[in-house]
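Chains as they are written, first to last, in this note's numbering: chain L, 4 to 547; chain E, 31 to 200.
I should point out that these hints are in silico values taken from the structure, not numbers from a laboratory.
Here are some chain E residues pointing at chain L (derived, C-beta under 10 angstroms):
hint, residue
1, E87
2, Y157
3, L164
For lysine-lysine, the following DSSO-like pairs were computed, each having C-alpha atoms within a straight-line distance of at most 30 angstroms:
hint, chain 1, residue 1, chain 2, residue 2
4, L, K154, E, K132
5, E, K176, E, K142
6, L, K57, L, K40
7, L, K151, E, K169
8, L, K332, E, K158
9, L, K226, E, K176
10, E, K158, L, K499
11, E, K185, L, K341
12, L, K315, E, K176
13, L, K40, L, K151
14, L, K154, E, K158
15, E, K158, L, K333
16, L, K226, E, K158
17, L, K332, L, K499
A virtual CB, placed ideally from N, CA and C, is assigned to each residue, including glycine.
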Amino acid sequence: MSIKMSKDKMELLSIVSSIKEEEPELLSTRENEVYLKISESRFKDIYPSLAERKFSLTGLFCAEAFEKKDGLTLFYIFKQESKPPVLILVRELEREEKAVSIAETFPSASWFEREVRDGFGLEFTGAFDTRRLFLHECYPEGFHPLQKAFKNGPISTAEAPCTEYRFRQVKGEGVYQIPVGPVHAGIIEPGHFRFSVIGEPIFSLEIRLFYKHRGIEKLAEGKTPSECVPLAEAVSGDESMANAAGFCMAVEQVCGINVSERAERLRAVMLELERIYSLLGDLAGMAVDVGFALVASPFFVLREEIFRQNEKLTGSRFLRGITVPGGLKKDIPDSSLKELPVFLGRFSRTFESAYDRAMSSSSLIDRFATTGVIKKELVSPLNLTGPLARASGCPADTRLDRPYGAYRNFAPEPSMRKKGDVLSRFEVKADEIRASVALILSLIENLPKGPVFAESTGYAGNGGSSEVTNNSGATGYSLALIEAPRGQNLHWVYLKNGIVDRYKIRTASFCNWQAIEHAVIGNIVPDFPLINKSLNLSYAGTDL
Amino acid sequence: MVNPLSLFFHPKVTETFEFRNEELEAIGAKIKKEIPKVFGHSLAIRELDSGSDNSTEIEISNLGNPHYDVERFGISFVASPRHADVLLVTGAVTLNMAEAAKKTYEAMPYPKYVIAVGDDACDGGIYKGSYAVLGGVDKILPVDVKIPGNPPSPKEIMQGIFALVKKARE
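Model the full structure from these sequences, guided by the hints.
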C-alpha cells in the first residue's frame, strides 16, 4: 500500500482484519480517517467484535449516489477512546436492500437509524424502535426528503395524521403522566417531555424533539461551500462559530487548503469566546433555577460583556459571517485584540468572586449535589460527549484527543469530575471557562502577522489527495470532528466538482439528549428544570 | 469559601459594574410612557419559537439580564399565552411546529398582537425553499410588526416592541 499510515491507523486495520481472516478493502484514508468497504456478511461479524473492543459508535449516516455507485451507502463511524483516528465502515447497499440494525449492541445507533430511515426510506431489520424521528405526523407516508429523487420545495402535508406518535405507557397504581411542551413556559426552544411520576419522583421520562426540523441537510445540497457556511452557523445559535469552523475544516481537508497560522489562532480565540459565553449561560441558568439571583446576575453581566467583545472583534455578537473555507473573511483589528487581555483580567476577578459565592452557599450545594446523576457506564453506549461526559469521569475532549487547527500547539487545561451530578457539571463548566480564558491569552500573545485567507481559491486545492476534475472544483469527502461548547460535533462533507453533494452534521446534543431520560429517574419533578439546565442541550442543533 | 456574613458587610457584587446606555434608556422610557395608554400598567409578552436557530431566543432572554433589565419599563415575559398581549414569534415556521404555533395564538385573549423577530420569522430567511418550513410567520398568523436581523440585537428588539405599542394605540 502506497499511502503512508500512522501507527494508530495500522492498529485499526489490524483489528478489523483479525476479526475475520480476510484483508479489508481500504477505500481511502486521510489524516486520522480510515474508510473500509465492508460487505453485509462481514459487517455482521465485525460490529459485535468492535463493541467488545470498546469502540463507540460516534456517527451513522447515509448518502445516495456516493462515488460512482448508484443507490445508498451507509457510513458507520467508530472511535476508540482517546485515540485520534476514526474507523469508518462503508456499506454499499443494493436497491431495496435492508440493513441490519445494530441498535441493540450500540444503543446510540437507535436515533441514527431512525434518522436514516426518515431521510432515505431505508429499513433496518431487527430494530427495536421503528417510529419516525424528525418527520412528525404532518409529513405524508412514504416521504423521504434526503433521497436525490426529491427536489427540495414545498410539499403538501398529510391531511389527517396518518401515524400517531405513541408514547411509552407506564401503568400502575398511583402512576400519572405529566405532558410538557412543545411550547414551554420560559423563553426556550420547543420540545416535548412526557413524565410518568409516582407522587413527586420521576419514574420515567420520554422526550420527543424535532419540532424545529428545518431541513438543513437538504438545503446544503447543490450549494457551493461558501454558500453553506450560513447554514452551518444556523445549526445552533450559540454554536455558530464551532459549526462554521467544523464545516470549513471538512471542506479544507477535501480541497487540501492550508489555513494560515494567524487565521487558525484567531479561529481558536473565537471558539473559546463562544465556549465562555455558552458556559456562562449554563452557570447563570443553574443559579436562577435554584433562585440564587446574587450569583446569576454577575454571570449574566459577564456573558453580555463577552457578546459585546464578540461584536467588537467580528461585527457579530454570535461571531457569524467571519469564518469561510480557507480561513477568515476579514482580519480582526489589532486594536480590538489588544483590549482582550485587559477585559479578561477584569472578567476573571468578577467570575471568581461570583463562583466563590455560589460554592459557599449551603442551599445551592444542597440542590446541586447528588441531583441528576449520569453514570459513567452510560457515556460510551450513548456516545455522550463534552462537559457532561467530563463531569461523569470521562476525560474525552476533542481538542486534546484529536487536535485540530491551533489546538495542535495550544492545549487547554483538562478538567474532570467523577460524580456525574449537577454539582460536578457546574464545577467542570467553571473550570472550562477558566481554561478558555488562559487559552485565549496565550493564543493572542505573539500572534503572527500575515494573511488570514488562503489564496488558493475556487476550492481547487493545491495538492492533497483530492482529485480535481475539469477545473470546476474538488471532488472528495472528509470528516471533521470539533469540540463545541456542548461536546464533540461531527461534520462530514462530500463535494462533487466543488459543489456540496451531501453535508452531514451531528451535534453533541443529538447524542447527549438521550442522557436526560436516565439522569432524571428518581429525582423529583421540581428538580427537572435544574437538571435540564445543567445539561443545556440544544434543540435546534438536534432537530436540524 | 466566602464568609456568609460578608454578604451583609461588603458591597454587593453587582455594584462595581457601570453600565448605562442612554439610547436604551430612551427607548425604554418611551415604551413605558406608551404602555398605560393601551395596555394598562404593563405589556405581557409570550415568546414562541416556531423553528429558529436559538440565537434570537438568546437575544430575547438577554433583555432580562442586568444590562437591559426591561422589566423596569413595564415589559414582562409571561409563561402562558392566556396572560399575553403580544406573541413574539421567532424562526421560520416549521411543519412540525405549525399546529402548536396556531394553538398558542388561539389561546391568547383579544386584543392580541404578533411580532415576528429575526430574518427567518420575517420571510423564511435562509430556509426559503425548504420542504420543512412554511415560510415567514405571516404564513399562519397575522403579523403586526417585523423585526429583521440575524439575530436582531436586544436594542433592535426593543425598538420593534416600541413600534408595536405605537401601532396598537392607533
